[in-house]
Amino acid sequence: MAMSVTEITQGLAAGEFSSVEVTQDYLARIAQFNPALNCFISVTDELALAQARQADARLAKGEAGALTGVPLAHKDLFCTDGVRTSCASRILDNFIAPYDATVIEHFKLDGAVMLGKTNMDEFAMGSSNENSYYGCVANPWNTEHVPGGSSGGSAAAVAAGLAPGATGTDTGGSIRQPAAFCGVTGIKPTYGRVSRYGMIAFASSLDQGGPFARSAEDCALLLRTMAGFDRRDSTCSEQEVPDYPASIGRGVEGLKIGLPVEYFAEGLDSKLAAVIETAVGELRKLGAEIQDISLPNTGLSIPTYYVVAMAECSSNLSRFDGVRFGYRCEDPVDLEDLYKRSRGEGFGAEVKRRILIGTYALSAGYYDAYYLKAQQLRRMIKEDFQKAFAGVDLILGPTTPGVAFKIGAKTDDPVSMYLQDIYTISLNLAGLPGMSLPVGFVDGLPVGMQLIGNYFDEAGLLNAAHSYQQVTDWHLQSPELKK
Amino acid sequence: MSDWESVIGLEIHAQLATVSKIFSGASTAFGAAPNTQACVVDLGMPGVLPVLNREAVNMAIRFGVAIDAEIDHHSVFARKNYFYPDLPKGYQISQFELPIVGKGRIFISPSEGVTREVGITRAHLEEDAGKSIHDQFPEQTGIDLNRAGTPLLEIVSEPDMRSAKEAVAYARKIHSLVRYLEICDGNMQEGSFRCDANVSVRRKGDQKLGTRAELKNINSFRFLERAINHEIERQIDLIEDGGRVVQETRLYDSERDETRSMRSKEEANDYRYFPDPDLLPVTISDADIARIRAALPELPEQKKQRYVDELELSDYNAELLTSNRDTAIYFETALAAAPQLSAQLANWILGDLTGVLNKTGMEISAAPIAPAMLTQLVARIADNTISGKIAKEVFEAMWQGEGSADEIITARGLKQITDSGEIETLIDEVIAANPEQVAQFRAGKEKVLGFFVGQIMQQSQGKANPGQVNAILREKLKP
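Heads up: the sequence lines are chains A and B, in that order.
Using this note's numbering, the first residue of the first sequence is number 1, and each one after it goes up by one.
Using this note's numbering, the first residue of the second sequence is number 1, and each one after it goes up by one.
Worth double-checking, as some hints may not be accurate.
Unchecked claim - No farther apart than 27 Å at their CA atoms in a straight line, the calculated lysine-lysine pairs in the BS3-like style are these: (1) Lys373/A - Lys80/B; (2) Lys340/A - Lys303/B; (3) Lys445/B - Lys352/A; (4) Lys340/A - Lys80/B.
Hints in this document: simulated from the structure, not taken from any laboratory.
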């Protein structure tokens, strides 16, 4: 099976099947394949079927929204009222969110069905999904390999056909990198496009929610529902949300696409580079004008990112203290013991590492050298992009330096793990939108191509990706699953 | 003691009188059941975000405009990171660099005829924490987050004060100002207005500041004065005994009247301030400032000047009447019906009324004698219906709730005797009954006149007009 979101909405509208039927199908597939893949932390079958019944009633009355009846999966850091929201952390293993994130609210209003909550790196910190309290997700294309992270569960669920679409969040590449590793399409919108309210924060100035799906067309549908102004998020943009599905059929004739020379330099797997070059060739055939550009400060993005993101997370994660919700250690002897053991036992190793680094970077005497310096570099990285967009409409490159690596291959080397994000994190620092779409395979594993757009040009990204997907079928490939 | 100079600066936390909290829509009302006024944002739930209540910013600007402060067009909220059970997020949203209100100043009069300028370093917005409740659950601490997220304006002074008395005058001045501006209810018992004092001592003539201690937990002006004096003494004794002052926070214990060390600088937190990425910088336009300036009420200084210039009150009385907003409101309400009686009304308010208020510990706004009642009383003195002495009796009766001045005068038959025939009869009787004293007076003993006046007033039960009594008596006693 492996239907697209678009196919499901059409089928529901035409009465070919009901939401309950399609939801049951997905729940059955989850029951069948999730044990091996571990995409879901929670499967909300009963809730899903109840929502599906409501959706069918809405469809019957002719009051359907764009996604009424479509089953979706949500990354387990979007708060869902009455449903466990764990952030893949022991510290929130018992946490039932008392409210819905804005994104969840949007989907509910639109009538979408929630299948469950997907696995991820703990607190969205990781590039392989190996940092989950609930265990690693397996890559559906080769279960010995990682699905990428941090939104690995969502990407793998879409790739495996356990959900037609899913939500993710992207702080340094956490939508685009797993999309690339799992061979699906994912978009990280402009910072401020999608409300962060109810999205458990990793790094507030970088986090942004976005969808995964099997095509750019589906992503357009999902993003239209997710995006929009929210007065509960002060950093959310008031800019009107374009009708993305209506703006993707424009083609790429005359579109100026820049290839940053820094993204095709040392560190990029040569077989992967060849796949990207083939894809560039397709776009050229469609009329796009390809040119080389330079983003000279690309090399600064990793150190800059790891100061900014860790500083912010060290503060954001202070609220997990064992006092009001979440994990509390057994029999604390005093307040300090309560704090130390609740956090010590509740957080995993990578989360602790990042809290420590961030705390250090913000400490008296180091603030100027780290945090302030990182803010300056952040401006330089942003200026690189602004200069580039003066000459091109889109920027194109690989999403990752290589294809999905083996589970355990990089767990002892955090820096090598951090380098996974070399092409993705500068967008988060600049606040720009970017997406990854499948463009081929290396050694049987998918290759993702990244498109980078100017601020709020999600429509431009989706249009270019859609044009490419109209003439290729990489996005239609499905892995063979073992039970 | 005289070799030493004390240096004092105050940090005042004024709780802003907004309807809802600074970063959430929950109510700020005092006294609700624990945790009933804390929404998911106040509880620091995962995923929630702060949204600035612009009214808090406007109130801060109002304060800034009133103290003639610099107000930047760009202000930033920062996170102050530390762990405490009643601090839900593990950080307090405050301001570090770029506070709303920059340098300003205020004038105080620590004693009659003395004016001093006190510099205000800055005033910034921040959210309050919740409360830890230690005395209700055995072996456990309760947390009440109703107060969490209540807006505070932290007003930081320069170390410009040299005595506890000056510090209290400054604190009272700020207290008066925030109430005039209607940005804070000033209730110290409920914690709406809190003073922390930084106190150090140095030998007179020294330029370098001594090591300071910060005094906390002071909930009245009386305690502020006592705590500071105590701390000054403690520091001087310490140094004179060969010790040295350590930088620390000390809690004032009003029951024992002493300060106790709470934490020293060595144990102090590194707050790791950084700009809060969840909040955009606040932009304040010139138009915002102009609009707020135009809407400012008449401030104590201006009011005082007006009382001196237009009502011809003394500088001192004008200062006393305006130092408390409610007193000024009382005065102006009373004055409205009898504008010619300003001096008399001022005297009654600052004399008898203030006396009885102080004695009973009552606020002027709750006084049983309404402003219009006092006006009537003063008017009855002015039109000679009663004497000033009788008026005190009427005042006392009004305080006891016996009715208005006119009702009491009628009921008690206190109307002054101004009929000269009646007065003459009284005088004749007294003269006839005291021939000895008449002789003494006529022999030149002027003092005896007082005796006659006393007798006549007694006979008239105080109702005879004293002026007339004096004049007729002198005439009749002429040899």
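Quiz item: Looking back at the numbered hints, which does the structure fail to meet, lowest number first?
Solution: Per hint list: 2 and 3 violated.
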